[in-house]
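**Student:** With the hints as constraints, model all of the structure from the sequences given.
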Amino acid sequence: MKKNYKIEVDCANCAQKMEDAANKTAGVKNAVVNFMTLKMQVEFEDGANVKEVMPRVLESCKKIEPDCEIYF
Amino acid sequence: MNRKQRKNLIRIITASILMIFLQFVEVEGAARFVLYMLPYLIVGYDILIKAAKGIKNLQPLDENFLMALATVGVWALAIYSGSGDYTEAVAVMLFYQVGEWFENFAVGRSRKNISDLMDIRPDYANVENLGKLEQIDPSEIEIGTTIIIQPGEKIPIDGVIIEGNSILNTSALTGESLPRNVSTGDEVISGCININGVLKVQTTKLFEDSTASKILDLVENASSRKSKSENFITKFARIYTPAVVGSAAALAIIPSIVTGDFETWLYRALIFLVISCPCALVISIPLTFFAGLGGASRAGVLVKGSNFLETLSKVRTVVMDKTGTLTRGIFEVDAVHPISTNCISENPTEARQLLHYSAHVEKYSTHPIAASLRKAYPNENDGCTVENVEELAGLGIRAEVNGNVIHVGNEKLMEKIGAAWKPCTKIGTIIHVAVNGEYAGHIIVADKLKPHSKKAIEKLYEIGVNRIVMLTGDIKKVAEKIAGDLGIKEFYSGLLPAQKVEHLEKILAEKSFAVAFVGDGINDAPVLARADIGIAMGAMGADAAIEAADVVLMDDDPLKIYTAIRIAKKTLSIVKENIYFAIGIKFLCLILGAVGVANMWFAIFADVGVMVIAVLNALRALRI
Numbered sequence: 128m129k130k131n132y133k134i135e136v137d138c139a140n141c142a143q144k145m146e147d148a149a150n151k152t153a154g155v156k157n158a159v160v161n162f163m164t165l166k167m168q169v170e171f172e173d174g175a176n177v178k179e180v181m182p183r184v185l186e187s188c189k190k191i192e193p194d195c196e197i198y199f
Numbered sequence: 135m136n137r138k139q140r141k142n143l144i145r146i147i148t149a150s151i152l153m154i155f156l157q158f159v160e161v162e163g164a165a166r167f168v169l170y171m172l173p174y175l176i177v178g179y180d181i182l183i184k185a186a187k188g189i190k191n192l193q194p195l196d197e198n199f200l201m202a203l204a205t206v207g208v209w210a211l212a213i214y215s216g217s218g219d220y221t222e223a224v225a226v227m228l229f230y231q232v233g234e235w236f237e238n239f240a241v242g243r244s245r246k247n248i249s250d251l252m253d254i255r256p257d258y259a260n261v262e263n264l265g266k267l268e269q270i271d272p273s274e275i276e277i278g279t280t281i282i283i284q285p286g287e288k289i290p291i292d293g294v295i296i297e298g299n300s301i302l303n304t305s306a307l308t309g310e311s312l313p314r315n316v317s318t319g320d321e322v323i324s325g326c327i328n329i330n331g332v333l334k335v336q337t338t339k340l341f342e343d344s345t346a347s348k349i350l351d352l353v354e355n356a357s358s359r360k361s362k363s364e365n366f367i368t369k370f371a372r373i374y375t376p377a378v379v380g381s382a383a384a385l386a387i388i389p390s391i392v393t394g395d396f397e398t399w400l401y402r403a404l405i406f407l408v409i410s411c412p413c414a415l416v417i418s419i420p421l422t423f424f425a426g427l428g429g430a431s432r433a434g435v436l437v438k439g440s441n442f443l444e445t446l447s448k449v450r451t452v453v454m455d456k457t458g459t460l461t462r463g464i465f466e467v468d469a470v471h472p473i474s475t476n477c478i479s480e481n482p483t484e485a486r487q488l489l490h491y492s493a494h495v496e497k498y499s500t501h502p503i504a505a506s507l508r509k510a511y512p513n514e515n516d517g518c519t520v521e522n523v524e525e526l527a528g529l530g531i532r533a534e535v536n537g538n539v540i541h542v543g544n545e546k547l548m549e550k551i552g553a554a555w556k557p558c559t560k561i562g563t564i565i566h567v568a569v570n571g572e573y574a575g576h577i578i579v580a581d582k583l584k585p586h587s588k589k590a591i592e593k594l595y596e597i598g599v600n601r602i603v604m605l606t607g608d609i610k611k612v613a614e615k616i617a618g619d620l621g622i623k624e625f626y627s628g629l630l631p632a633q634k635v636e637h638l639e640k641i642l643a644e645k646s647f648a649v650a651f652v653g654d655g656i657n658d659a660p661v662l663a664r665a666d667i668g669i670a671m672g673a674m675g676a677d678a679a680i681e682a683a684d685v686v687l688m689d690d691d692p693l694k695i696y697t698a699i700r701i702a703k704k705t706l707s708i709v710k711e712n713i714y715f716a717i718g719i720k721f722l723c724l725i726l727g728a729v730g731v732a733n734m735w736f737a738i739f740a741d742v743g744v745m746v747i748a749v750l751n752a753l754r755a756l757r758i
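First to last, the protein sequences are chains B and V.
Letter by letter, the first sequence follows residues 128 to 199 of my numbering.
Letter by letter, the second sequence follows residues 135 to 758 of my numbering.
No wet-lab data here; the hints were simulated from the structure.
Any given hint could be a false lead.
Claimed, not checked - Just so you have them, the derived chain V footprint on chain B, three or more residues with Cβ under 8 angstroms:
#1 157 to 166
#2 186 to 198
Unchecked claim - Some, not all, of what chain V presents toward chain B, calculated at C-beta under 7 angstroms:
#3 K187
#4 N191
#5 Q193
#6 E354
#7 S357
#8 S358
#9 T368
#10 C413
#11 V416
#12 I417
#13 P420
#14 F424
Predicted model only: the values in this text are computed from it and were never measured.
Backbone N, C-alpha and C define an ideal beta-carbon position, used for all residues, glycine too.
**Tutor:** Right, here's the structure in full:
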């Protein structure tokens, strides 16, 4: 399952780091951050609960980039 | 400018004014330290806070942390050496923030520009309710609803006009500036702007299946498919920062121990930290692609991803379908040869008579050739009597017009009725006509070339395509003529769709550069999918084309193939410029810093300057 989220982040490198962090989060199969459109596309693993995974994604992103935001 | 940008700009200006002021004030000792600390904190407090968070989260390579470390290091050196030169530390922080601000502003601006450019999303649809117009969210409109489009409004949903005439501006969709006339019965596509008349339209699709929604979806997701250049930069950035920080550490420790000159080498190491942020690269490459994709869609070329833009720039072989791509795919009367003219000149009166008869005979036929004959004789309904129409399968049609027996059909029909038919020198489909059993002449019906086909082929050769191949299901004679007219040296005729794939595979096996296939997307989906890059023409309404291809040309103009490749090439050359330029300057700076030629000022100017130039260069991709 793939979902798109609006994000907020200030610099391109930080967006890249968010992508890395999201990809390392449990339950995420693949994540792509598009800095230009400020969107994050998350592909979830089969059977993953989106409502549980997304807060974890945000948490790991906040860790590397305190200034970021994901709207879900 | 948003609130955050305004706030940061005020911080930068305040700090700058303070710094200028401080240049004229002579204070020493602790007072001096405090006075200089003031602009430093004003402009850099958020960096310091983020740096602290970075340490807490065990992210030592965070650029805020590195920048904080570099400036604090310069402060420490100034205090340690007793020079009291705090300007440098403040300036580094100040310029770093100027760079960040510019990056933020430029990206925000171009993000807005590009999205405005692709702004075809309709906000509402007008529905008549009890004699009053109501504005309704288009996603709530069901198929078959009648909607009203007033002058100046966007068509929200695809549909058919049931009442009204108008002129439509399709430029947001096709890049074509020439407006299109529409009237009752015509199909209209969402995203076009209604210029002057009120239109009543019956919707044929849901909002989310309408052209505008599909295209927006496609464009918005396009830059998520990352190109090789982008992946390279990502990988580079991952190695670059740790490598530079590592060398900075080595530079601070090893030569200091060897030479004992701890101050000089620590200073040089701090220069490294200032240059360690890969931002110029990481921002400019995706920005260039984004601008390129935006510029392309403004020109009516939809590219489904940065990766496809990259492949498109490497295209050296273009394989093309004939019907619908190079030719219009609509039959038209090419020439009329009454028996008396002997296929050389035309005799207008007799030619008219020939068309007159055939148009009458074909009155009730739905065959595309019949349609072309009727089109060539527009005043068909002129009171002549047409009786006893008889379709002769595989031969033609027989009918009585004003009492004369007319046969219209192929050679076999002529032979069957014993009319002495003559072959024609022209190439195309030949329609023979006999009046009362006597051969009267023939009409040549042919598929016409599109007006820009020849120019498109010339331009493609000009831009570096070195092999153009035409594949067609049509007969050899016709293919030969079309290829000859257009200057295409290589063609294969009489192909079934599966054979087109085989031919393409052969070409793919021979090539060393990318191969593009251009088709109208209706019956050549497998070929489109098989090519390195599939280009579909005429997306206006054809869902199959949007689905199957990597690049979608919004209208039928073959010149757009050239436009697409040109934009791709330009974008990729900007990408390369930015990669070489940014990496080059950074490495130069590192070397000069290590040997002591460059100072902190040089480093921060290089860092910010490279970013500014790379961003400005990236935005060139928008103007094609």
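**Student:** Confirm or reject each hint.
**Tutor:** Structure-based check of all given hints:
no.	hint	in the structure
1	157 to 166	holds (count 7)
2	186 to 198	holds (count 4)
3	K187	holds, 5 angstroms
4	N191	holds, 5 angstroms
5	Q193	holds, 6 angstroms
6	E354	holds, 6 angstroms
7	S357	holds, 5 angstroms
8	S358	holds, 5 angstroms
9	T368	holds, 6 angstroms
10	C413	holds, 5 angstroms
11	V416	holds, 4 angstroms
12	I417	holds, 4 angstroms
13	P420	holds, 6 angstroms
14	F424	holds, 4 angstroms
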